[in-house]
Amino acid sequence: MDNITEHFKEALLSSDEEAARRIMYESKQHYTSLQFIENVVVNILDHIGDDWEKGEYALSQVYMSGKICERLVDSLLVDHSVLHKAKPKMAIVLFNDYHALGKRIVLAHLKAGGYKVTDYGRMDTEELIERACKEQIELLFVSVLMLSSALRIKEVVQQIHQRCPGLKIAVGGAPFRLNSGLWQEVGADFVGFTAVDALSIASSFNGGQQS
Amino acid sequence: MNLSGMNSMQRTLTAMSHKEPDRVPFFLPLTMHGAKELGLSIKEYFSKAENVVEGQLRLSNKYGHDCLLGFFYGPIEIQAWGGEVIYYDDGPPNSGEPFIRKQEDISSLEAPVIAESKHLREILRTISLLHEKSAGEVPILGVAISPFSVPVMQMGFEAYLELVYFEPRLFEKLMQLNMNFCAAWANAQFEAGATAITYFDPVSSPTIIPRELFLNKGFPVAVETIRRIKGPVATHLASGRTLPIIDDLVKTKTGGIGISAEEDLAELKNACRGRLTVIGNLNGLEMINWNSDQAELAVREAINKAAPGGGFVLADNHGEIPFQVSDEVLGSISEAVNKYGFYTYSKGK
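Protein chains in written order, with our numbering: chain A, 439 to 649; chain B, 116 to 464.
Watch out, some of these pointers could steer you wrong.
Stated by the list, open to error - Subject to a maximum C-alpha distance of 35 angstroms in a straight line, what follows is the list of computed DSBU-like cross-link-like pairs (lysine-lysine):
no. : chain 1 : residue 1 : chain 2 : residue 2
1   : B       : Lys366    : A       : Lys523
2   : B       : Lys217    : B       : Lys332
3   : B       : Lys134    : B       : Lys158
4   : B       : Lys163    : A       : Lys492
5   : A       : Lys527    : B       : Lys158
6   : B       : Lys134    : A       : Lys492
7   : A       : Lys525    : A       : Lys572
8   : A       : Lys466    : A       : Lys492
9   : A       : Lys466    : A       : Lys572
10  : B       : Lys217    : A       : Lys572
11  : B       : Lys384    : B       : Lys345
12  : B       : Lys366    : A       : Lys492
13  : B       : Lys332    : B       : Lys248
14  : B       : Lys248    : A       : Lys492
15  : A       : Lys554    : A       : Lys525
16  : A       : Lys606    : A       : Lys525
17  : B       : Lys288    : B       : Lys368
18  : B       : Lys420    : A       : Lys492
19  : A       : Lys527    : A       : Lys492
20  : B       : Lys332    : B       : Lys384
21  : A       : Lys592    : B       : Lys177
22  : B       : Lys151    : B       : Lys217
23  : B       : Lys248    : B       : Lys368
24  : A       : Lys592    : A       : Lys466
25  : A       : Lys592    : B       : Lys163
26  : B       : Lys368    : A       : Lys554
27  : B       : Lys151    : A       : Lys592
28  : A       : Lys492    : B       : Lys332
29  : B       : Lys151    : B       : Lys233
30  : A       : Lys592    : B       : Lys134
Stated by the list, open to error - Looking from chain B toward chain A, a few residues come up when the C-beta cut is under 10 angstroms (computed):
no. : residue
31  : Asn209
32  : Arg326
33  : Leu328
34  : Phe329
35  : Glu401
Simulated from the structure, these hints should not be mistaken for laboratory data. From the three backbone atoms N, C-alpha and C, an ideal C-beta is built for every residue, glycine too.
With the rest of the complex left out, here is chain A:
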């Protein structure tokens, strides 16, 4: 990890947005905007997500890091809108329950990775299937906290695979972390155990190629 990356990580973990922004501007001598997103932002979010899973960092640090990076990347992409990754066509939803933090963190990570994602907010089964199919979403991230919500995803997956077979579903949230086989039980195509897994899923969807 180079100095820029190391300092950037420290700034994120301390929730110091000003310091993170300063490092981003100073790094322009070394990185293009795209390189900064891919080599610094995504790399660091990946480290923080992994270390959260190992118990070394806390969820609030994952949240604050994602949110700061989302804002920084937004400001970069205002000037470089061509860098926005519009493929795959993605949406994210909080399904059935009312605990929105997980979805918010994943959304921030995807945006920090330069992806365009439609935020569906909170939805139940019918409304979700209707909208995702109508909008020809290719990759749908479904976030839950409650076990009962997680189990209801099975019906969503079955109906979506029937009605719009091209649409892939990635699930995430506490029930899937604590019961590692549950995502297969509900028939999801992907599971994310940390927020940064969403970036790998989005990337693998394109065969690992940047769009």
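Chain A is fixed; fit chain B onto it per the hints.
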């Protein structure tokens, strides 16, 4: 099953005094299974104290575990604050849209009066009836959500993190209101007959916030609130990790700690030995897929790791066993405790 003459109260109190009772006490926090027993929907079941009392007594007879729950569901406190609760057919009631819609709402917020909340009164009636029926032989557990964690339901997790990080004045105001309410609520449950209070504090877990932030925010709140609660308290971080803050939790004067399924029970037992009773840590979410053999193995492993010396109550990791866990698995857990949990048996082996 009672082979030694020790009842559940004696067994639990002995274990919590860090001594070995006749067998390992075990708690099955079955908040919703009583509805199945009575053939009621979860919403109907929680509509009156008599249902919950009957459900708790039937479950106690069926599985022979060592506690009765005077607890319905987490967001019942939110109902007392005027918030919305949404019922499900197959899971615990969930808090709906937060009633603190913007940070400024905190300035004019007032804590509810317990006697004026029909929902809280129903819990107090449940505890009182359980107290009467159990004749002091089974511990009755009440629940109070920590003043530091309840804002997740009061205002939403994201808004609350913003408050914790960036709005110290409003954070302090909300903590004062919540501490007053939490202590009053816990003490009302003691007056009704509760034996101990579970202080649910998931936000304080290192899974959720770094230890430094906990020491600045959640820790002083826990110290002050537990000081005001006039009876025994056990802390539960509801599946969150505990090890990095064990020494801090001891300083809050709590008597026990609910352990995450992601932590090693033997390691936690060592860290807590003689200071905190370890409560846990069967994985409730995996339990939904267990068969009898897996249940037996999990119980046996947990007992091997944490039972010697007392100071251990076998339980799940979250403080609430999912509705989807089958009677067969619960029965197997109970049988396995009676097979492997007797201290004389383990000494003999």
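Assess, step by step, whether the Cα of Lys366(B) is no farther than 35 angstroms from the Cα of Lys492(A), and give holds or violated.
-> holds, 26 angstroms
Verify the proposed pairing of Lys525(A) with Lys572(A), using a straight-line Cα cut of 35 angstroms.
-> Holds, because 17 angstroms separates the two Cα atoms, which is no more than 35 angstroms.
Going by Cβ atoms only, is Asn209(B) closer than 10 angstroms to chain A?
-> Status holds, d = 6 angstroms.
CA of Lys151(B) to CA of Lys592(A), is that 35 angstroms or under?
-> holds, 23 angstroms
If you draw a straight line from the CA of Lys492(A) to the CA of Lys332(B), is it 35 angstroms or shorter?
-> The hint holds at about 24 angstroms.
Holds or violated: is the Cβ of Phe329(B) closer than 10 angstroms to a Cβ in chain A?
-> holds, 9 angstroms
Proposed proximity, Lys248(B) with Lys332(B) (alpha carbon, max 35 angstroms) | violated, 40 angstroms
Closest C-beta approach of Arg326(B) to chain A relative to 10 angstroms, hint status | OK, holds: Arg326(B) within 10 angstroms of chain A, min 8 angstroms.
Taking only the CA atoms, is the gap from Lys288(B) to Lys368(B) under or equal to 35 angstroms?
-> holds, 24 angstroms
Compare the distance between the alpha carbons of Lys134(B) and Lys158(B) with 35 angstroms, and conclude whether the hinted pair is satisfied.
-> violated, 40 angstroms
When the least beta-carbon distance from Glu401(B) to chain A is tested against 10 angstroms, hint result | holds, 5 angstroms
Pair hint Lys217(B) and Lys332(B), alpha-carbon separation not exceeding 35 angstroms = holds, 21 angstroms
Violated hints, in rising order: 1, 3, 4, 5, 9, 13, 14, 22, 24, 26, 30; the structure is consistent with all others.
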